[in-house]
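Q: Single-letter residue listing:
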Amino acid sequence: GAGVSQSPSNKVTEKGKDVELRCDPISGHTALYWYRQSLGQGLEFLIYFQGNSAPDKSGLPSDRFSAERTGGSVSTLTIQRTQQEDSAVYLCASNRGTGELFFGEGSRLTVL
Amino acid sequence: KQEVTQIPAALSVPEGENLVLNCSFTDSAIYNLQWFRQDPGKGLTSLLLIQSSQREQTSGRLNASLDKSSGRSTLYIAASQPGDSATYLCAVRLGGGGGADGLTFGKGTHLIIQP
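Residue numbers (our numbering), protein chains in the order written: chain A, 303 to 414; chain B, 4 to 118.
Isolated chain A (complex conformation) (with noise of 0.2 Å):
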C-alpha cells in the first residue's frame, strides 16, 4: 500500500481479555518496529523485526506482550490479559533498512 496500514483504528476491550492489533508495513520495507505512547508521553520502543533476523524484543514490557511478523510483511501484536495500565495508542512504523522512517495513524487501545 502507499503507507503503513494499522487496525483497528480504536479498541476499547475488558480487562482480562486479550486483543490483537495489526500493521501493514510499505511495500518492500524490510525493517517493522512497534512503539507504544501513553497520553501525553513519549514514544516507548516495544519491538523491532528485520528481515528475516530474530526480533529485538527488549522493550517488550511484559510477557504478556508478544508480535510475530509472517513472511516479512504483516505484523500483528498480541497483548493478553489486557490490564487498564496497557491503555495507550500503539503505533507501528517501517522503513527500508535504516532509511527513513514512516508510521501509521495507531490504534488507540481502552481498557475498561
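Don't take every hint at face value.
Distance condition first, Cα-Cα at most 25 Å in a straight line; then the derived DMTMM-like pairs of lysine to aspartate or glutamate [stated by the list, open to error]:
#1 Lys-319(A) x Asp-365(A)
#2 Lys-71(B) x Asp-42(B)
#3 Lys-359(A) x Glu-346(A)
#4 Lys-4(B) x Asp-326(A)
#5 Lys-110(B) x Glu-316(A)
#6 Lys-317(A) x Glu-346(A)
#7 Lys-45(B) x Glu-316(A)
#8 Lys-359(A) x Glu-407(A)
#9 Lys-313(A) x Glu-407(A)
#10 Lys-110(B) x Glu-407(A)
#11 Lys-319(A) x Glu-346(A)
#12 Lys-110(B) x Glu-346(A)
#13 Lys-359(A) x Asp-30(B)
#14 Lys-4(B) x Glu-402(A)
#15 Lys-71(B) x Glu-402(A)
#16 Lys-319(A) x Glu-370(A)
#17 Lys-4(B) x Glu-407(A)
#18 Lys-4(B) x Glu-20(B)
The hints are simulated quantities; they were obtained by calculation from the structure and are not laboratory data.
Assemble chain B onto chain A, guided by the hints.
A: Only chain B this time, still in chain A's reference frame:
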C-alpha cells in the same frame, strides 16, 4: 546510552513569526536524524531526514540543520501558520544499530501558532 532532549517542551507564537525548535543528543556517533510532526490523535508524519554527512535539509518553509560534533539539530520554520500547530519530535539513529535498532526519540516540542 543515547539521550535526546528537545527544548522547549512547549512554545506558543503569533502567526507569521519565524521560529526554531531544538534537538540535542549525547552520543554524536549518529547515522541520521529525522524530524517528525504529530497532530493530536494521529501518527507521526516524517518532515525531514538528515544523514550524518549532511549539514542541512530543506522542504518548503522547513529547514533542518545538523551539527554532529556539538550534538545538536535545529528545525527552522519560516512564516509560521496556524496549520503548523502540532507536536514536533526528533529521532536520532546511532551508527551500528543496537537496542531498538539504535533509534532514540525526543519527547517533542508542543507548538501552538496563534492566529
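Q: Each hint should be assessed against the structure and marked as holding or not.
A: Hints and how they fare:
no.: 1; hint: Lys-319(A) x Asp-365(A); result: holds, 15 Å
no.: 2; hint: Lys-71(B) x Asp-42(B); result: violated, 28 Å
no.: 3; hint: Lys-359(A) x Glu-346(A); result: holds, 12 Å
no.: 4; hint: Lys-4(B) x Asp-326(A); result: violated, 31 Å
no.: 5; hint: Lys-110(B) x Glu-316(A); result: violated, 30 Å
no.: 6; hint: Lys-317(A) x Glu-346(A); result: holds, 22 Å
no.: 7; hint: Lys-45(B) x Glu-316(A); result: holds, 24 Å
no.: 8; hint: Lys-359(A) x Glu-407(A); result: holds, 22 Å
no.: 9; hint: Lys-313(A) x Glu-407(A); result: holds, 14 Å
no.: 10; hint: Lys-110(B) x Glu-407(A); result: holds, 18 Å
no.: 11; hint: Lys-319(A) x Glu-346(A); result: holds, 23 Å
no.: 12; hint: Lys-110(B) x Glu-346(A); result: holds, 10 Å
no.: 13; hint: Lys-359(A) x Asp-30(B); result: holds, 23 Å
no.: 14; hint: Lys-4(B) x Glu-402(A); result: holds, 22 Å
no.: 15; hint: Lys-71(B) x Glu-402(A); result: holds, 18 Å
no.: 16; hint: Lys-319(A) x Glu-370(A); result: holds, 19 Å
no.: 17; hint: Lys-4(B) x Glu-407(A); result: violated, 29 Å
no.: 18; hint: Lys-4(B) x Glu-20(B); result: violated, 36 Å
Checked against the numbered hints above, the structure violates hints 2, 4, 5, 17, 18; every other hint is satisfied.
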